[in-house]
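Q: What follows is each chain in one-letter form.
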Amino acid sequence: MDQTRNNSTAEIETTVLGADEIILNMGPQHPSTHGVLRVKLKLDGERVAASECIIGYLHRGVEKIAEHRSYQQFAPYVDRMDYVAAVSNGLGYCEAVEKLLGAEAPPRARVVRTILTELQRIASHLVWLGTHALDIGALTPLFYCFREREEILKIFEKYCGARLTTHAFRIGGLQYETYDGFEEEVKRFCEDFSKRIEEYETLLTENRIWLGRTKGVGILNAADAIALGVSGPVLRASGVKWDIRKAAPYAAYDQYKFEIPVGKNGDTYDRYIVRMEEMRQSRLICLQAIENIPTGAIMARIGKVLKPPPGEVYHAIEAPKGELGYYIVSDGTTQPYRVRVRPPSFINLQAFDKMARGSLVADVVAIIGTIDIVLGEVDR
Amino acid sequence: MMLDSILFYFFAALAVGSAILMVTRRNAVHSAVFLISTLLAIAGIFLQLQAEFLFVVQIILYVGGIMVLFVFVIMLVNLDVAVRQMKFNRQSWVAGLLALVLGGLAVVVYRSGGGAFNLMGAPATTMPPNAEQVGTVLFQKYFLPFEIASILLLVAMIGAVVMAKRKI
Amino acid sequence: MPFGIEFDDIRQYIAPVIYALVIVAVLPLMAGYIVLLERKVMAHMQARMGPMRVGPHGLLQPIADAVKLLLKEDITPKNADALMFWLAPLLSVTMALLAYAALPFGPAFQIADLDVGLLFILAISSLGIYGIVLGGWASNSHYSLLGALRSAAQLVSYETAAGLALVSGLLLGGTLSMKGLVEAQDSQGVWFIFVAPFSFFIYLIASIAETNRAPFDLPEAESELVAGYMTEYSGFRWSLYFLAEYANMIVVSGIAVTLFLGGWMRPLSGVHAHIFGLPYELLDLLPALIFFGLAAWCTKLALRQGEQIQKMVMFLFVGLFVVLGAAMAWSLTSTSLMPGIHGAFWFIVKVLVYLYGFLWFRFTFPRYRFDQLMKLGWQFLIPLALVNLVMIGIGIVLAQQFLWPLSLAMIAANVVTLIVAFWLVRQGDKPSIVVLPAEDELPAAGPGEIR
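Protein chains in written order, with my numbering: chain X, 1 to 380; chain L, 1001 to 1168; chain S, 2001 to 2451.
Hint data in this document are derived by calculation from the structure and do not stem from the laboratory. Since we're looking at a predicted model, the values are computed, not measured. Incorrect hints may appear among the rest.
Claimed, not checked - Taking lysine-lysine pairs in the PhoX-like style, the calculated list, with each CA pair at most 25 Å apart, reads:
1. S:2375 <-> L:1165
2. X:99 <-> X:307
3. S:2040 <-> S:2068
4. S:2311 <-> S:2040
5. X:99 <-> X:264
6. X:215 <-> S:2375
Please model the complete structure; the sequences and the hints are all you need to start from.
A: Structural data, given as structure tokens:
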């Protein structure tokens, strides 16, 4: 737990004895901070009295890079923010620029985009589930999750040649037509996947130790969640029914039926349940979409050189981790004047202090896991 | 039998040597380790006297139980300060006096010969299992003292809990 | 003879010394193969292959690991307490190995049949904690110290429950000698697990906790404490800790097998079935058949190996199994050797089954939080163990003084324990009172405010 050497022995002893308030440092190199997050904890005995997240260890200046790249050139960079959900990042950016251009992707492209994005949501949630369970000490779910994620990545690889940072979409539609057997493979995956979720759930959902480690841990109530701007599964687990796929449909989400799972207590267990249910719903969306992919063009006619009219646009999508927004200002040249990203991990991480206060040190690991952060996105 | 003597002198030397080291070490954890070694050596002497039950109880209670808690507490206490401090800095003459008295006593005992203590010699042959005998003696002959002792310990334990817990 | 030592004095030490040497020589190898087994079992539970490269199906992996560990640089951290840092792993492994002195691997294979055998093993294994605590302290690292302290607290807590569970087994056996306990089960015709299932259950949980295995592996929880007390160790000294952990696992399994699973007795030892007019009992043929089956399976695997060298190594294992099978079959013909050799076989098989349970738990369960671990120990296991002990005692009195049939008395005793267990579980499910600080009592932490 304690990382720094400059805390004297006296301080660490008081942790155990529970006498004084001490400062404990987690990270930036720590096995369970999911990258390079550094958390400073003020401890009252074993309890967290206050906390502070120190970020920026992975800052790469993505937003600044955008100002020196053309619109198309910047598209691969967004994949490197939330690198476990690159497809969703790409979708958000492409749609934002399309909105700026006043163009719209053809129906076929929109449906394929929806399918791939939902598969990416499942993949992202699988990474979350595996690592979260691993942090709490369950070894096996990680391998099961990565087994299914592998299937999704294979579909991505077949579609666009890349597995992780896919750059699957282009502004105005798709670069590639779907490959032969795409529908069958997605369908087969979705049909298998319902059994797989059952498998994860038998390992965790009713396990007494899992319940003990997650129930009542890291509670975030709805008012706090809204006040902090939290979005995505974390917000829904607190009981707020808010999903941009329903509230402001994009891609082809208005054509499909799906539920928005909502939690009750806003604790780590509810966030687990919400994400599990979201995977099921994503599966249903994929199955609906795969049944009826429209034929036609995959690329809108937008020209080779993009020069959006001067102006600004904000476009948000429901990424696996929450509301992913792009605010783009154009000055009429080929390069954006300013790109500002609203990354869900960064804003959800704000709620960490609220969740961690009053919990035990061992719960901090669970709470970091349950927010589902990706440091590439937090630090950009 | 020669082997018995060798074992006895080995354990005795170990016990005395460790005891001396335990007193002289500055580092509290080292002292604790040498105390453990002393206790183990004494357990060895018990075993050599074929008091198996006593041997095991000595290890379980003193070494495996009490000393673990000792070491536990020593580690929690700030050692850096303790190491720097002079131990017994103004009590050396008391210790010297005590050592003299005890040494004198030892000389007197040695001089007055084996008759000073009326000890039975250790039985030459293997003794019957003595765990049963200890049980029988404790629960029949010394039943009342045994129970009184256990109640005393219980009272002490409850008292410790009450004192340690600030509010119940 | 010099020193007046007679040959007769020495002769009685020869067999135990040989057994001891064999155990010290074989145990590291066995621990290595248990690690391989663990990795293989884990891999198959997790839909992977596990070690496959060193030797066919990773069969030489333990040897490669051992060589790697021995050749690694042995690092003593700066400011570490050199003496204790050196002593701690030695203590750990010595205590783990000492416990084998009283473990009966069969009616013939036991170094010393002490009258207080069980207590001796408990005493010795309770000393192993010093290796952990001193090592953690000597490393001069916070992770190590915290790991060591957690470990000490955990061991002290669960030793109580384990001890109470074992006492109920002792009540049934009426002796402290390990050999005597097995013989008691033999003469009563029933393994004590069937008479006192709760004792076994409590001991199972407590033994996992005592060996610091998942889901009780908090002292070495990698997501919290990196590697706990072993964090600063490397190379050979680290491997000593590792060896001690696996040796301890075998010891606790050995205790459970001896006390609850009938020790070296063959399963269904009361059943005497003969077929085809063979002079041997059907079930006594099992050990030989198991080894021959393993040999056949290995042959199948060997034929599939592509590399010539892999094929040869696999056939080496085929040969090993054939030799062992032949030994099992041949010992059937000798009435004097049969109980010893077959006893050792069944004992080891039972130990492996118990160890399999350890592995199974490890890959299935998440890890307990420290307060939950303590709560389970003190508020569930120890009360249950106490009730169980009293009930077993009452059952024995009913059977001996009031001449109830033993089965009826024990069923009644265990039903009461079961009810208490349910009650304890329900008590535990009630939310414990946690005094959280009120919102406004906590200081607001802005950026840079915590220093």
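Q: Now, for every hint given, state plainly whether the structure supports it.
A: For each hint, the structure was consulted:
no. : hint              : in the structure
1   : S:2375 <-> L:1165 : 17 Å, holds
2   : X:99 <-> X:307    : 13 Å, holds
3   : S:2040 <-> S:2068 : 20 Å, holds
4   : S:2311 <-> S:2040 : 20 Å, holds
5   : X:99 <-> X:264    : 36 Å, violated
6   : X:215 <-> S:2375  : 16 Å, holds
Consistency note: the structure conflicts with earlier hint 5 alone.
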